[in-house]
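Chemist: Now for the letters of each chain:
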Amino acid sequence: MSGGSLFDIVGPVMVGPSSSHTAGAVRLANLARLVADQPIAEVEFVLYNSFAQTYQGHGTDRGLIAGILGYGVNDERIRDAFPLADQQGLQYRITPFMGANNYPPNTVVFNLKLADGQTCRVVGHSIGGGKVHISKIDDHNVSLRGELPTLLIFYKDQPGMIWQVTKILAERQINIATLTCNRNQRGVDAFMIITLDSLPPAEAVEGIRHIADIYTVRCIDKLPA
Amino acid sequence: MPNFNSFTELLDYCETQHCSVSEAALRYEEAYSGKNREEILDGMRAILQQMRDTIISGIHSDEKSMSGLSGGDSQRIMAFMDNAQCFLSPIEMKMIAYGLATLEENSRMKRIVACPTAGGSGSVPAALIAVEHEKNVDPEQTLKGLIAAGVIGEITARRMFLSGSAAGCQAEVGVASGMAAGGLVEMMGGHPKQVIEAAAISMQNLMGLVCDPVAGLVEVPCVVRNGLSGVQAAAAATMALAGVQSFIPMDEVVEAMAAVGKMMHPSLKETAEGGLAQTKTAKAFTERFKAPKTVGEIVAEQKQE
Chain A
1 MSGGSLFDIV GPVMVGPSSS HTAGAVRLAN LARLVADQPI AEVEFVLYNS
51 FAQTYQGHGT DRGLIAGILG YGVNDERIRD AFPLADQQGL QYRITPFMGA
101 NNYPPNTVVF NLKLADGQTC RVVGHSIGGG KVHISKIDDH NVSLRGELPT
151 LLIFYKDQPG MIWQVTKILA ERQINIATLT CNRNQRGVDA FMIITLDSLP
201 PAEAVEGIRH IADIYTVRCI DKLPA
Chain B
226 MPNFNSFTEL LDYCETQHCS VSEAALRYEE AYSGKNREEI LDGMRAILQQ
276 MRDTIISGIH SDEKSMSGLS GGDSQRIMAF MDNAQCFLSP IEMKMIAYGL
326 ATLEENSRMK RIVACPTAGG SGSVPAALIA VEHEKNVDPE QTLKGLIAAG
376 VIGEITARRM FLSGSAAGCQ AEVGVASGMA AGGLVEMMGG HPKQVIEAAA
426 ISMQNLMGLV CDPVAGLVEV PCVVRNGLSG VQAAAAATMA LAGVQSFIPM
476 DEVVEAMAAV GKMMHPSLKE TAEGGLAQTK TAKAFTERFK APKTVGEIVA
526 EQKQE
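In order, the protein sequence lines correspond to chains A and B.
This note's numbering numbers the first residue of the first sequence as 1 and each following residue consecutively.
This note's numbering numbers the first residue of the second sequence as 226 and each following residue consecutively.
Just so you know, the hints here were simulated from the structure itself, not pulled from any lab data.
Bear in mind the structure is a predicted one, so any value in this text is a computation, not a measurement.
There could be a bad hint or two in this list.
Distance windows between CB atoms, simulated [as the list claims (entries may be wrong)]:
1) A:Ile162 x B:Glu512: 54 to 60 Å
2) B:Leu313 x A:Phe82: 38 to 44 Å
3) A:Ile162 x B:Arg513: 38 to 44 Å
4) B:Glu263 x A:Ser198: 22 to 28 Å
Virtual Cβ for every residue (Gly too), placed ideally from N, Cα, C.
Start from the sequences and build out the full structure, keeping to the hints where you can.
Modeler: The structure is reproduced here in structure tokens:
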């Protein structure tokens, strides 16, 4: 394995008890909130496997609620997530799923109902040491880790789309770290996931949004350390 | 560009550059992150301050965790210091109390520093801060200890995943105790070779340590392990400063630990399916405590991918 920062070892500052079951839960919910991109009226957290078995003792429930409200991993208000949710008018439900499934050990499905009535479904996994991975948004397979600013673009699968998007980034000297395209059906639609070394300015995101046959664009900044 | 793929490389660098382990570590971090020295030091100072704050908060609280499995023991140790039956000196008593306090705070959902993980978070603060308090050490010297501890963990992490689920508690409390031992030697002005000997000595005592958490929670035996590991680190650091050497070099100790981690049965790697987690008492507690089963209707209603 290659080297990392000393701060990966001495740190992070986090609210306990568990990097995977508490801090990871907060970060997953932080990402789900950014994916929703709109105030969230209601949320159901469906928990799988280890998350389902130990969520109370590990404070996974409080971590998820606090995270969806926007609190970060080291915020001591995480403990008070339940009254905070009530105060802020968030309706929540925690559903531990105890049956057999193919999900990784620490998985949560967010069933979100947004303020404007739209719904959004996000699937995420806590993979250890506080690291997280969002693998699905609605019907689309994605890969969102919150370690770098990320563009999530849903578009018509046709020639020239990647070029039009990356042209806008290149013009603004924004460096691409990774670029992945997942398509559901040739010629129908696809999802572009681009991780960047810097957060694109709002006007660049708008520019991408206005490209013909681009359906939705989400720009998700990286999570704080 | 300073980069250390092994402890041998780290020690070679310290020798040719005539510098300490913490100095080598700072140069590494400057090159790796592109940050300047003051930024890095400020970041480390903030981390050390959080460690102190967690300890102070912890020893002043007797609040039980949500599960009831922990809380109040660090206070007991601090109170016992004045007891006629107490035969340890204040520095060891504080190491025990501070290690317990950090894990107790962790269980209360308070702020801690994962160092290297939440499960092993007590060792380094317990060792370094107890010495800082009892020996009136300049906080900038404690900082060097923390930075040395950091690079010990970083090089170790290149050989094994630092998590109980990957390699047992050896990878969490075991590695933390090695970091603490090396950090203590750095703090006391020991030679770079002694820093690494201390880490090797401490870690080999925890070779094979399993991750067997009762009810899967980071409390039993995690809290007491963190209470004990600071004192172990102190003993290892003292041995190294007195000239004791590990027969097996640190790089090979780490390799051996990684290999043992792979050989370890999954029931002993944070699954709560072995060790203490499967004792009669633990099973009875787990039954009472487990998250409620969903009713049949909810299970049937779930659609999964």
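Chemist: For the range 38 to 44 Å, tell me whether the beta carbons of A:Ile162 and B:Arg513 fit it or not.
Modeler: The hinted range 38 to 44 Å is violated for A:Ile162 and B:Arg513, with Cβ atoms some 56 Å apart.
Chemist: I want to verify a distance hint. Is the separation of the beta carbons of A:Ile162 and B:Glu512 within 54 to 60 Å?
Modeler: The hint (54 to 60 Å, Cβ to Cβ) holds, given that A:Ile162 and B:Glu512 are roughly 55 Å apart.
Chemist: Please check whether B:Glu263 and A:Ser198 have a Cβ separation lying inside 22 to 28 Å.
Modeler: For B:Glu263 and A:Ser198 the Cβ distance comes to about 23 Å; the hint holds.
Chemist: If I claimed the Cβ atoms of B:Leu313 and A:Phe82 lie 38 to 44 Å apart, would that claim hold in this structure?
Modeler: Distance hint for B:Leu313, A:Phe82 holds at roughly 42 Å.
Consistency with the previously given hints fails for number 3 only.
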